[in-house]
Amino acid sequence: MKDDDPILLPEDIADIIAILDGALYDRIDIKTTRFTLRVARSGSGWTQSWEHTAIGPEVESVVAPSADLKKVTAFVEKKGIFAVRSPLPGTFYRAPRPGAPAFVEMGDSVDANTVVGIIETMKLMNSVPAGVTGEIIEIIAENGTLVELNGILMRVRVQTDGK
Amino acid sequence: MIRRLFIANRGEIALRILRTARRMGIETVLGVSEVDRTSLPAKLADQIVTLGPSPSSQSYLNIERVVVAATHARADAIHPGYGFLSENSRFARAVLANGMIFVGPSPESLDAMGDKLMARSVAVAAGLLVVPGGEAADAQEARRRAADIGYPLLVKAVSGGGGRGMKRVDSAADIDEQVALATAEAQAVFGDPRIYLERYIARGRHVEVQLLGDGKRAIHLGTRDCSIQRRFQKLVEEAPAPGIPEERHDALRRAAVRLAESLKYSGAGTVEFLVDAETFDFYFLEMNARIQVEHPVTEMVTNLDLIEQQLLITDGQPLGLTQDDIAFNGHAIEVRINAEDWAADFRPSPGRVTRAAWPAGPGIRVDTHIESGGAVPPFYDSLVGKVIAFGANRTAAVSRMAAALNSLDIQGVATTAPMHQRILADLRFAAGAVDTRFFEGLARG
Chain D
1 MKDDDPILLP EDIADIIAIL DGALYDRIDI KTTRFTLRVA RSGSGWTQSW EHTAIGPEVE
61 SVVAPSADLK KVTAFVEKKG IFAVRSPLPG TFYRAPRPGA PAFVEMGDSV DANTVVGIIE
121 TMKLMNSVPA GVTGEIIEII AENGTLVELN GILMRVRVQT DGK
Chain F
1 MIRRLFIANR GEIALRILRT ARRMGIETVL GVSEVDRTSL PAKLADQIVT LGPSPSSQSY
61 LNIERVVVAA THARADAIHP GYGFLSENSR FARAVLANGM IFVGPSPESL DAMGDKLMAR
121 SVAVAAGLLV VPGGEAADAQ EARRRAADIG YPLLVKAVSG GGGRGMKRVD SAADIDEQVA
181 LATAEAQAVF GDPRIYLERY IARGRHVEVQ LLGDGKRAIH LGTRDCSIQR RFQKLVEEAP
241 APGIPEERHD ALRRAAVRLA ESLKYSGAGT VEFLVDAETF DFYFLEMNAR IQVEHPVTEM
301 VTNLDLIEQQ LLITDGQPLG LTQDDIAFNG HAIEVRINAE DWAADFRPSP GRVTRAAWPA
361 GPGIRVDTHI ESGGAVPPFY DSLVGKVIAF GANRTAAVSR MAAALNSLDI QGVATTAPMH
421 QRILADLRFA AGAVDTRFFE GLARG
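Here the protein sequences line up with chains D and F, keeping their order.
Here the working numbering is used: the first residue of the first sequence is 1, the next is one more, and so on.
Here the working numbering is used: the first residue of the second sequence is 1, the next is one more, and so on.
Same shape as in the complex, but just chain F (with noise of 0.2 Å):
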């Protein structure tokens, strides 16, 4: 039974993981930086302890700080949110080496999708396939492994994830820049430089499989989509994914559990597609062993608190449901609201804002930690918060999000609100079942 949680995290996932916890009755113990000792998970963790300064490679990402602070704190178990150290094994090991219970799979699990050259390797042997590329070690692999899958191509971290060091090469003359690039994000966000190479597909959709695992079966959480994106960055995700075929659908859920069960999965995770528009074959790309940012869909739809079902596994718990417990109910839509102005090329916008005016009312749900007076430092990820939208179908999901983006009222930063309300009335997005590049074909102001 965990008593005292330690949250290695921030923003609004700090505050999530913050509000289920008390709900169970367990303490919390908020890990902060410096500029996070004033945000609103800070004000409101019954604890909080100084990480450090606040570039998340001294705080959030700093291994020894965060295992110190959670030992100083007494917790007895550590939650570390989605990014920073969420799928770092590493770090894991080191919670458990001290007595504490990671709230995440095991380590093992972690090393084999981590890394995403082994995660390949881990679903083919489990029968998914994958979209064809790997390994480019160095600037002369890379030019080599590219001539081979052609272009255009993706640079992927090998410990990415997220769309995160993420890139797009176009032909041979930007390969040797793109590479660079993506090497020295690869090392800034995870501590990893190592890429790998993909064939770029361009009438994909991104859908995923939310499944939940106790080491020994697996059972999932139906399908959300997650196809329009800028720079491989979700910008609006929906559960359930809509437009598939039911036998499609249903290939997916099951390939998605197989993995999982092959891998002796335990905790909640995800399974990311690529899945043909057109054919609907579908390719694996990646699993995320953490809970992701896009969950409250997927939370909407199964009346599930998937933090709650985490800290239920983790506590050395078998799964509690069963597949035949999960009932799929209407159609529920998350927007990713960011600092960003979308009229200046996303230029971040971080700063104080000074009024927060969230949408509220039935069938609207927001996940946010920003509040009037709240800061947007300009050390972490833009997210300030995220609009979900329920409804009985799919169209009045649709029609509650552009009603609630109209109330929104976000000052004192730019936000990408606007964007989204010029998505919501896209003939394309109310029809439904886009692909990736819905974003390239998206009216701008």
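Just chain D, same shape as in the assembly (with noise of 0.2 Å):
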């Protein structure tokens, strides 16, 4: 933005609403070219939104353009065939850290409690459970990647009794 523009500022909403304090108006709406602005009362207080609409001129870009989020691709559920999903949108770990041995790999027994990776989610890591005894036999979602909620991870043959 140009210096001659006028920013918008706390200060600035704070006069708004000592004005409208002494004065019987609920609400005023303010829409300039860079913004609109709603002060409103509620309750005994007060409440600010607003909106910004320019964007300040890029000096340079100095990097390339991130890759796509990557799908987990759809997977019709077979019987005997579970699919670890994802809890959360994020990214998914096979390995507590880099170049430390996976959780697990292919072929693996697994069951309901086996970590079998992590999902970091706003900076949060999450531990990823095999929800099911049985066999890894497919990991499908790769480390590093983001996944969607819900998103399958792996695929895990589900031992039944007797077997």
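Everything labelled a hint here was simulated from the structure, so no lab data went into it.
For glycine and all other residues, C-beta sits at the position ideal for the given N, C-alpha and C.
Careful, some of the hints might be misleading.
[Said to hold, decoys possible] Reference listing, derived: stretches of chain F covered by chain D, where coverage requires no fewer than 3 residues with Cβ under 8 Å from a Cβ of chain D:
| # | segment |
| --- | --- |
| 1 | 39 to 47 |
| 2 | 175 to 183 |
| 3 | 212 to 222 |
| 4 | 354 to 367 |
| 5 | 380 to 391 |
| 6 | 395 to 407 |
[To be verified] Looking from chain F toward chain D, a few residues come up when the C-beta cut is under 10 Å (computed):
| # | residue |
| --- | --- |
| 7 | 23 |
| 8 | 164 |
| 9 | 233 |
| 10 | 338 |
| 11 | 340 |
| 12 | 343 |
| 13 | 347 |
If you follow the hints, you should be able to join the two separate chains into one complex; please do so.
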């Protein structure tokens, strides 16, 4: 933005409220080329809501564009095959840290509580349990890729009783 | 004199820095990830530079890209905000090596405080008490160390801070999994997988002291209480810390100043203590060598602009304030509004905010980057804004906050605002001086 463009400051909103408070108005809508602002009474207090329009000029883009969100392919669940799904949208990790062995590999036996990976969402690590007893027969989501909520991470052949 | 400031951060703190810089007549350049190109800070910055793809490892956490971007933009200083690279000494050194000012302490101070094990020894040398514990280089050592300390205990990241990468372990059965998780989180968030263990003290209060130093002397800006936490993430903060006898309060502040002066600390920093809720004995936890999320409560009771102080001190000037200049007035409370569904075990709720009506009016301050139509991307932390209420005393501040939360209306993403209403209505909170177990005892939905 340019220096002569007004920027909406918290102090401006305080001033507007001070003016409205002495009057009978319940709300005010202000629209400029740079923002729309609504200040309204709410109970004994006030609310402010705003939207800005302008975007600052960019200096220079210094790097390559991002990879597209990796979509985990849809999978029709077959009888006896269990899909381990992501409990959250986020980044999927197969190992506790780079270079470390993966939590599980193809052919590994797991039970419901076996940790098969980690989903990082909003900087928090969430372990993903297999959720079922059986054998890992397919690893679908790759390490370090983005997965969607309920995206399929792995498939497990469910162990049935007597087997 | 800083003329052109590069802001290496995003969200509300990027906007917060931008506003003070602009008021001081400093031009602002904001480094943004692709998804943040249309964020409010990007709209308001004088210029923006795209750092890279949205994941923070390829943008906000990428030292080379940030330094190259700032150099391209001909910035003469970089403000790192909090989180991301703010306490990364390799970043600070890269900034200095490229002829720019790093708005923060010296790389040596960052090293001393960034490595939490080193920080513990520095604090001990300055005469402060620490919580029993120590390093655990691998699973085996973790098990051995845990047996020495006893359960419950905490697993913490050596390069951590802000509660990230921190896990509570209640029994030996869980130590391996929790150490593995903490290691992964430490690697992903801090780029350093090392962890250490510390005894868990249940009846503790989290009290911190805000400091300003210029490398020669340091002053304090009083205490903040951040005892209301969930999984070591602060939810509510207030200044000053309530219900602490003046003599102990004073001892806390003096201990913090002593540590800062022993470090020849320059800039704004915070020393965090665990305070025994009954005896008021206190133990050093860590020092955060940066501006903190909860700095506004200190600003409200001291009438100072901490970002301005950071920019002034880093500019090579000595501290313009003495301890006698600092006057404390009233009480301030901050709540963090996160895009999380607290009714669904705090499930993250990224998405588009269709309507954002924030509270306003006398004694209310809102620090946010979220406007109506604003995006909450899944790549970063879930903070969408902070509501701060000021009052002549704590009771007045609490009642103002309660009214403000009733006015707040965020739609499109779930937020923790209903949880804060519940906290504000809790009699224990009204009484003040709660310990870190407060949240566990909070009545749900």
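Hint-by-hint comparison with the structure:
| no. | hint | verdict |
| --- | --- | --- |
| 1 | 39 to 47 | holds (count 7) |
| 2 | 175 to 183 | holds (count 4) |
| 3 | 212 to 222 | violated (count 0) |
| 4 | 354 to 367 | holds (count 11) |
| 5 | 380 to 391 | holds (count 3) |
| 6 | 395 to 407 | holds (count 4) |
| 7 | 23 | holds (9 Å) |
| 8 | 164 | holds (7 Å) |
| 9 | 233 | holds (9 Å) |
| 10 | 338 | holds (9 Å) |
| 11 | 340 | holds (8 Å) |
| 12 | 343 | violated (16 Å) |
| 13 | 347 | holds (7 Å) |
The structure fails to meet hints 3, 12 from the earlier list, while all remaining hints are met.
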